[in-house]
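Just so you know, the protein sequences line up as chains A and B, in that order.
Each residue of the first sequence is one higher than the last, beginning at 3 in the working numbering.
Each residue of the second sequence is one higher than the last, beginning at -5 in the working numbering.
If you're looking for bench data, these hints aren't it; they were derived computationally from the structure.
Be aware that a few hints might be false.
SDA-like mimics (lysine to any residue), calculated; alpha carbons at most 25 Å apart, straight line [unchecked claim]: (1) Lys243(A) with Thr84(B); (2) Lys112(A) with Phe15(B); (3) Lys112(A) with Phe121(B); (4) Lys243(A) with Val10(B); (5) Lys244(A) with Lys12(A); (6) Lys12(A) with Leu83(B); (7) Lys12(A) with Tyr85(B); (8) Lys98(A) with His148(A); (9) Lys112(A) with Leu134(B); (10) Lys112(A) with Tyr85(B); (11) Lys112(A) with Asn18(B); (12) Lys12(A) with Thr84(B); (13) Lys98(A) with Gln4(A); (14) Lys98(A) with Ser136(A); (15) Lys237(A) with Asp181(A); (16) Lys127(A) with Lys12(A); (17) Lys112(A) with Met147(B); (18) Lys237(A) with Asn197(A); (19) Lys112(A) with Leu83(B); (20) Lys244(A) with Met128(B); (21) Lys244(A) with Ile12(B); (22) Lys243(A) with Leu17(B); (23) Lys244(A) with Glu127(B); (24) Lys127(A) with Cys62(B); (25) Lys237(A) with Leu26(B); (26) Lys12(A) with Cys78(B); (27) Lys98(A) with Thr247(A); (28) Lys256(A) with Leu215(A); (29) Lys237(A) with Gly179(A); (30) Lys98(A) with Ser146(A); (31) Lys244(A) with Ser159(A).
Treat the numbers as computed from the prediction; the structure is a model and nothing was measured.
Residue-level listing of the chains:
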Amino acid sequence: MQNVFLFFWKNQFSILFILLEIIGFALLGSNSGFHQSQLHQTGVALSGNVYQIQHAYTQYLGLSDENAELREENADLLEQLINQPKRQSVNRDGYKVIPVQAINSTHHLKNNFIVIRSGSVDGIKPASAVIGPSGIVGIVHSVSDHYSSILPLIHSSTNINARLQRTSYFGQCHWVGIDEEIMTLENIPNHVVVNPGDTILTRGGGGIFPSGLVLGFAESSEKNESSGFQEIQVKLATDFKKINTLFVIENTLKQELDSIMIQTEAWIDK
Amino acid sequence: MDRQIITYILRFILLVLIQVFVLNNIQFSGILNPYIYVYFLIMLPVDFRPTVGLIVGFLLGLTMDMFCQTLGMHTIAATFAAYCRPYILTYMAPRDGYEFSRVPGVRQMGWLWFLTYAAIIVFLHHFVLFFIEMFRVTGLLLTLGKSLGSSLMTMSLIVVIQLIFARSGKSNSYE
């Protein structure tokens, strides 16, 4: 027994090293699930306070850009308001929109994140959609009282139903890393003609994003003869290098959609 | 002794703040990013207890992870750097030992020794960091290039810090 203690005492440096690294890898490995979101919540609440101070000083630097963007958006909204009776009405009932401020974001990592200065107190709920002035941005991940973290489109676990505006063919959109401006749209049949510049919209199948929001624009497509599907490179509408004013969209009818999906699946299985 | 501990605590806070507020916001072409906080580990006294150094490295990495939302990455890299440090110091010990200087700075050890010592730790830390960040997506070559480029940037910053602070003060101060 004494020898065991002696062994541990003699090798305390290496044993401690291995122990600490195991903790490190455990943190790294818990990339999903309850524990990570718990840890995230603490992390978000902690660093959110610090980032808020930073944001207070840096937001003035981007003020003119921000104003221009807001003006543009106001103009768009006004236009919609004026044209409404003539337009075919789009049913977006059930979607609640909350304007939020991003106070921290990354774009150079493999798994990026955005932190916003709104939390459960402001009515933010996990798994809500997040959009910016020019296009969709991501999905709310963890929420603390006053801050929330967002999984942006440029995250390795992103998988979004998207469709081509012109031809209505749909597929899955995900991010393969490296370039923060480009996503990949898959499962579009080879015979569909895709022109550079074609608009790609959200399909809204998951109940998170409303249908018909701009995701990006087709840049190039590569046909895969063996699978019969082409792979489209999509240039994202949102510039993740300047994330500032965002809108969180909560689908108040999501539970209803989920429950009918569960019923349908149960019926199909039978 | 007390003054020395306060200096180290202040340096810890200062380096983390510089890293979070300044350096994490500057990404040179999205690939190179200096991680200056390793400087804290580099400047720990030569006779600092290795086990305590390990815990300090762990806490330093954990602090960075909290701010960067990268759970584990910085923790693993900084702990690894803290683990390697005593071995590097032993390996690079001058013939007459470290008797005259307890701080592994430029003024105490000379430019050649310091740059070699700092570069080894910086590169080891950066390589582990980028390896953990990248190994699922891209190959080893990009990781190597990223860590080399970023190490170069971190080293330039360390040289600047040494140039500014290593000149003033008596030889027993802890800059």
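Results of checking the hints against the structure:
1. Lys243(A) with Thr84(B): Outside the cut-off at roughly 45 Å; violated.
2. Lys112(A) with Phe15(B): Holds, because 20 Å separates the two Cα atoms, which is no more than 25 Å.
3. Lys112(A) with Phe121(B): This hinted pair holds, its Cα atoms lying about 16 Å apart.
4. Lys243(A) with Val10(B): holds, 23 Å
5. Lys244(A) with Lys12(A): Answer violated: Lys244(A) to Lys12(A) is near 53 Å, above 25 Å.
6. Lys12(A) with Leu83(B): The hint holds at about 19 Å.
7. Lys12(A) with Tyr85(B): holds, 20 Å
8. Lys98(A) with His148(A): holds, 19 Å
9. Lys112(A) with Leu134(B): At roughly 15 Å apart (the allowed maximum being 25 Å), Leu134(B) and Lys112(A) satisfy the hint.
10. Lys112(A) with Tyr85(B): violated, 36 Å
11. Lys112(A) with Asn18(B): Holds, because 15 Å separates the two Cα atoms, which is no more than 25 Å.
12. Lys12(A) with Thr84(B): The hint holds at about 18 Å.
13. Lys98(A) with Gln4(A): Distance ~66 Å between Lys98(A) and Gln4(A) Cα, so the pair is violated.
14. Lys98(A) with Ser136(A): holds, 19 Å
15. Lys237(A) with Asp181(A): holds, 10 Å
16. Lys127(A) with Lys12(A): violated, 51 Å
17. Lys112(A) with Met147(B): Distance ~21 Å between Lys112(A) and Met147(B) Cα, so the pair holds.
18. Lys237(A) with Asn197(A): Roughly 13 Å between the alpha carbons, so the hint for Lys237(A) and Asn197(A) holds.
19. Lys112(A) with Leu83(B): violated, 34 Å
20. Lys244(A) with Met128(B): holds, 24 Å
21. Lys244(A) with Ile12(B): holds, 21 Å
22. Lys243(A) with Leu17(B): At roughly 15 Å apart (the allowed maximum being 25 Å), Leu17(B) and Lys243(A) satisfy the hint.
23. Lys244(A) with Glu127(B): holds, 23 Å
24. Lys127(A) with Cys62(B): holds, 23 Å
25. Lys237(A) with Leu26(B): holds, 23 Å
26. Lys12(A) with Cys78(B): holds, 17 Å
27. Lys98(A) with Thr247(A): This hinted pair holds, its Cα atoms lying about 17 Å apart.
28. Lys256(A) with Leu215(A): holds, 17 Å
29. Lys237(A) with Gly179(A): holds, 13 Å
30. Lys98(A) with Ser146(A): holds, 19 Å
31. Lys244(A) with Ser159(A): The given pair, whose Cα atoms are some 22 Å apart, holds under the 25 Å limit.
Comparing the model with each numbered hint stated earlier shows that hints 1, 5, 10, 13, 16 and 19 do not hold.
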